[in-house]
Amino acid sequence: MSTQLSPSFQGTKDLPKWVSPALLTAFFLGSFTLQVALASQDEQSELNLIPVAVFGLIGFAFALYALSRAVEGRRKATDRLVTILVTTAFSLALIPLLSLAYTVVQKGAARFDAEFFTFSMRNIVGEGGGALHAIIGTLEITGLATLISVPIGIMAAIYIVEYGRGKIVRLVTFFVDVMTGVPSIVAGLFAYALFVIFFGPGVRMGLGGAIALSVLMIPVVIRATEEMLKIVPNELREAAYALGVPKWLTVIKVVLPTALAGIATGVMIAIARVIGETAPLLIIAGFTSSMNYNPFDERMMTLPVFVYTSYANQGVDMQAYVDRAWAGALTLMLIVMLLNLVARLISKYFSPKG
Amino acid sequence: MTDVRPKAVRRLGDVVFANLAFFAGVSILATLATVAAFLFAQSVPAFTGPEIAAAEDGFLAYVFPFVFGTVYASVIALIIATPLAIGIALYISHFANRRFAQILGYAVDLLAAIPSVVYGLWGILVLAPFLNPTFMWLNENLGWIPFFSGQVSATGRTMLTVGIVLAIMVLPIMAALIREVFLQTPTLHEEAALALGATRWEMIKMAVLPFGRPGIISAAMLGLGRSLGETMAVAMVLSPAAVINFAVLTSTNSNTIAANIALQFPEAGGNYSNLLIATGLVLFGITMVVNMIARWIISRRAEFSGAN
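Protein chains in written order, with the numbering used here: chain A, 23 to 376; chain B, 3 to 310.
These aren't lab readings, by the way, just hints derived from the structure by calculation. Worth double-checking, as some hints may not be accurate.
[What the hints assert, rightly or not] Here chain A is said to cover these stretches of chain B; the calculated rule only asks that three of the stretch's residues, wherever they fall, bring their Cβ under 8 Å from a Cβ of chain A:
no., region
1, 104–111
2, 276–288
[Stated by the list, open to error] In silico DSSO-like cross-links for lysine-lysine, where the CA-CA straight-line distance does not exceed 30 Å:
no., chain 1, residue 1, chain 2, residue 2
3, A, Lys35, B, Lys207
4, A, Lys98, B, Lys207
5, A, Lys98, A, Lys39
6, A, Lys39, B, Lys207
7, B, Lys9, A, Lys189
8, A, Lys269, A, Lys189
9, A, Lys189, A, Lys252
10, A, Lys252, B, Lys9
Glycine included, each C-beta is placed from N, C-alpha and C at the ideal position.
Work out the full structure, taking the sequences as your base and the hints as a guide.
Shown next as structure tokens:
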């Protein structure tokens, strides 16, 4: 026996599934042809893809809305319209990501060669040269910043989770969050203001860059460690106490090892975040074209600043400078991606299963 | 009856470790205080020392166009980014299927990992030339709106380009935060709405958006805080001038505080660098206030943070 739909269900008829993609393709093709036709009329104008997308999308949205409203009713039509809007918003966000990745790889490849990783820029005008001095500087300054930030960050997180009580811990937690919003250039100015006291005006030093990066890095380390310490089960702590283990040894021998994978992930992500910072290093570490292995004296080049100065201070052979800037950007992106990947792998393979 | 509980032993290790942890925690407060104090101390010579050529009309007249530029660029970025971030968050939390959504989440998070100097390079060499024809069109056809009026820039290095770059930069953090809030919507509310026959959009309107509103507000504030302090992308993309200009398509744009410092500081000597530090202090004050309001809204609710 077949069920007969009652009349009150009329108007809930659905559009077939193929309608929406078919309309989308039709309107984009239509819009594209229209633009081609317009462009061929006018000799000077080039084909611009922005109107193609805009008109195609608007046409598609209107057509689907009208069709759906006629067949399915107003409420479903609104639902479809919102689905289009939300999906559009998402696709819009992916466009810059794809464009960035494509451009950096394509333009960076031109100078992504052995010379780039084995030469500094000393005595180089025009073509050639490399970013070895900047890579060394970045590694040293970021390494120092990590050495400063990780102990302070982990201890502060231990205070917040294991020891903190009452008003002070709430204040600390609040200002850790506020500190994540300190502008990077302010961190640079802070490091400068601090070093001026000891070394006089115009001071430039790799260590200052490490201090500035620490200001940016500590809150990220704290937040990541805090999250990880919070998910360590309380039973573990209580079991340790029951065996007579002092609190500090419980933290060091039980809580920290349990959370270690998560903390390592957090530290990696924190490094990835500060390794691309330009502004504070431009202020306090300065820029140079020579090697400098000593972070406690004189100017020190870093990779982000290398990218910036290569672009900003172009010499006679402009293309050579821009190529070097892109190659530097590609190197920087690869380092950041690698750090993120390692972080994800650590958290995937080493975090406690439960 | 006597208390038979043994007295707790105070071990040396415990005392030392607890104090270490305490000092590390309090050092956060101390750091923020010293940042403010040192910036202030280094700002003083700008007012007491010899007059600076760049700021002959006084500090306020010098800094005001930059404050305007900073706020204006960030507001443009926010106007673009907020609806997009809500859309992205909705797509990942309620529209895409679950496996796909996680990968998409990573993709958006990747945007946050890209260094700002790379955004700057991309903004000036790719985005600006790409947008310029559209700017011409806007200027020709909508030039009667004051924002689009004036002599349109030939390079595309305009306020609107900067606003778009900043919007792209703050999108991931805003989207991630809003997504977290949306995912915490009580499932019972959503199912109740659907059971009453609501379409997906009606369910979102009735259950998800009201629940997520504080999250959206604080995400917008955090995005604002981020874009106020963004330096390199602005310094590289914008063609600056020390003016107040509401038109977003011209080549005379109000520079931002951060970008102005980055451009001037490496060559600044004498108490000009102190003047720049004073503008940095102004920026620090603005971002602190914005961030504290945002954090205050979030902290009344739950476990969201920009750092995770």
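A quick look at each hint next to the structure:
Restraint check on the region 104–111 of chain B versus chain A: 3 residues with Cβ-Cβ distances below 8 Å, three needed, restraint holds. With a cut-off of 8 Å between beta carbons, the region 276–288 of chain B has 5 residues touching chain A; three or more are needed, and the interface restraint holds. Of the supplied pair hints, the one linking Lys35 of chain A and Lys207 of chain B holds, its CA atoms being roughly 23 Å apart against a limit of 30 Å. At roughly 14 Å between alpha-carbon atoms, Lys98 of chain A and Lys207 of chain B fall within 30 Å of each other, so this suggested pair holds.
Distance check on the hinted pair: Lys98 of chain A and Lys39 of chain A sit about 14 Å apart at the alpha-carbon level, within 30 Å; holds. Straight-line distance between C-alpha atoms of Lys39 of chain A and Lys207 of chain B comes to about 25 Å, which keeps the hinted pair within the 30 Å bound. Taken as a hint, the Lys9 of chain B and Lys189 of chain A pair is honoured in the structure, with Cα atoms around 27 Å apart against an allowance of 30 Å. Proximity of Lys269 of chain A to Lys189 of chain A is assessed by CA-CA distance (about 22 Å); at most 30 Å being required, the pair is judged to hold.
Between Lys189 of chain A and Lys252 of chain A the CA atoms are separated by roughly 19 Å; this keeps the pair inside 30 Å, and the hint holds. Only pairs whose Cα atoms come within 30 Å are accepted, and Lys252 of chain A paired with Lys9 of chain B is accepted, the gap being roughly 29 Å.
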